[in-house]
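Chains as they are written, first to last, in the working numbering: chain A, 1 to 136; chain B, 1 to 417.
Hints are computed from structural coordinates only; laboratory data are not their basis. None of these values were measured; they are calculated from a predicted model. Glycine included, each C-beta is placed from N, C-alpha and C at the ideal position. Possibly wrong hints are sitting among the right ones.
Not the full set, but computed from the structure, chain A residues with beta-carbon under 8 Å of chain B [unchecked claim]: (1) L36; (2) T46; (3) G59; (4) A62; (5) A88; (6) S103.
Stretches of chain B that chain A covers, calculated by requiring three or more beta carbons in the stretch to come under 8 Å of a beta carbon on chain A [as the list claims (entries may be wrong)]: (7) 121 to 133; (8) 349 to 357.
Each chain, written out:
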Amino acid sequence: MKVLRRWWPLLFVFPVVAVVWAADAQVSGAPVGRALAANCFQCHGTDGRALNGMPSIAGKDATSLYSDMLEYKGSTDYRNIMVPIAHAYADQELWELSLYVASLPEHPDAAEVSDRGEAAEPDDAPVGDVDAGGAE
Amino acid sequence: MSPYSRRDFLKVAGASASIMLMPLSLRAQGASGRVVVIGGGFGGGTTAKYLRLWSPDVEVTLVEPAPTFHSCVMSNLYYPGRIELDFLETPYDGLVSRGVNLVRDRAVGVDTAAHTVTLANGQPLTYDKLVVAPGIDFIFPPGLEDPAAQARVPHAWKNVAVQAPLLRSMLRAMPNGSTFALTIPSPPYRCPPGPYERACMVASYIRRSKPRSKVIVLDANPDIVAKPAIFHHAFDVTHRGFVEYHPNAPVLSVDADSLTVTTAIGSFQAGVLNVIPKQRAGQIAFDAGLVNVNDRWAGVDPQTFESTAAPDVFIVGDANGSSVGKSGHFANSEGKLVAAAIGAQLAGEPENASPMLGNVCYSAITLESASWFTNHLIYRGGAMVPVPASVAEGPPSGSNFERMFAWGRNLWADSLV
């Protein structure tokens with residue numbers, strides 16, 4: 001068909017635009033999951049990149065973040081602080097915040113490092129290496 | 001071979017995509033306007049930072065007289081010498097590098113009709129949206145109204161850079177065998193577990209350095225108001241013999257010369273007297289006409305934390321009269337909620353219909369162990385209500401003690417860097 005022959009490239013363009021538009025349209029402004037995910041950042045660092053002693057979460061696979069949170073939510077072991085925290089959210093909210101966190105860059109670019117003064121530490125950094133004054 | 005070249009494909013695709021994406025790019029321009037934030041603590045700092053992160057076209061001015069932020073969170077570890085003051089410090093450089101205009105001055109007046117803030121130096125600042133985050137001020141009991149009396153009986157519940165060294169020097173100079181008396185007000189007050197943690201930290205010092213001394217806790221409340229099981233165990237077992245807990249003991253008056261506090265259950269003379277007075281919103285909230293909850297706090301709409309007394313004004317942190325607990329972690333969470341609400345309003349977009357607030361709080365029990373408490377709130381039916389399954393506390397442990405340091409550092413960085 002002549003029309004199809006001329007406009008076939010649109011078949012490739014529309015799905016991409018639709019995805020981008022859908023992502024944008026979900027909230028008209030604030031990305032979905034951002035407000036929820038921001039409550040992770042006090043401990044797991046701004047945009048999910050933590051200082052040492054806490055695991056960074058930025059850029060992790062969304063499915064794996066989501067399944068971790070569901071596992072916490074399915075647990076009754078309230079000695080793990082992540083268990084009550086996971087219970088605060090509906091499953092859909094956990095998926096939305098996982099998607100948002102997964103979309104964040106794992107490593108800040110060089111400019112961001114100097115802007116923020118401190119780079120993210122690796123996940124397995126030792127916990128509680130206090131550089132303050134010791135006991136008397 | 002296809003009649004279309006790669007160039008033709010890109011031409012059609014590019015034209016289509018640019019048309020489809022045009023509204024997106026227009027929308028991405030988003031919020032713009034001028035926001036003034038009064039107070040550079042957990043609430044004000046986080047609001048300023050996240051406004052710059054999420055609404056980069058918004059001009060943000062932070063008014064804060066202190067040259068450096070000193071955290072109340074974790075400051076009780078200073079009394080037994082587990083940390084020094086510099087551990088509690090965060091400079092404001094991080095906010096400045098994010099594009100926040102830092103004005104090192106005190107806000108002395110707000111004209112909510114004219115949308116202006118007056119600084120101590122007389123200079124006015126105009127705003128489209130104002131964030132008031134001054135923290136707390138005190139309602140001193142009889143006998144403590146005078147600054148000279150206050151200097152002999154420190155609160156060490158704000159202004160950590162000055163108050164904490166004053167209180168610690170008194171503790172260190174206290175003779176072995178003398179008592180450290182600590183009074184706790186009725187809620188709402190800043191950091192509900194904080195006074196009990198302080199008792200534990202002073203006890204940790206005393207048992208090592210002044211073993212004939214003890215801590216007398218005079219609580220205005222009928223029982224411990226935060227983590228009761230954990231702190232009862234701490235007082236009765238962990239620090240047995242070094243902490244004496246008295247409920248139902250609201251302060252009636254103080255004699256700063258003899259370091260005697262008179263309460264509803266009697267008078268106590270101390271070697272060091274640490275009175276944590278009843279609290280109210282920071283003075284600027286009163287001066288701006290924003291205080292409308294029990295004559296003490298600035299009322300807010302809990303969906304946006306917008307003032308119920310004046311338009312285009314938001315109250316973040318301990319000064320607001322919401323049902324949200326007064327903690328640094330919650331103030332950070334409120335700051336993000338407000339940054340999003342202001343961004344939405346300035347962009348003409350709808351506000352978040354069901355915002356949530358999160359809280360985590362670690363308390364040191366000994367110099368090797370800490371406990372935690374966590375709770376989340378969600379906006380439902382016009383109020384911020386608890387999510388019951390999210391409320392929990394963790395027993396004291398060494399790993400929690402280590403986590404506490406990571407929590408503090410990340411919380412400070414997320415709020416102020």
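Comparing the hints with the structure gives:
no.	hint	result
1	L36	7 Å, holds
2	T46	5 Å, holds
3	G59	17 Å, violated
4	A62	20 Å, violated
5	A88	3 Å, holds
6	S103	14 Å, violated
7	121 to 133	violated (count 0)
8	349 to 357	holds (count 6)
Violated hints, in rising order: 3, 4, 6 and 7; the structure is consistent with all others.
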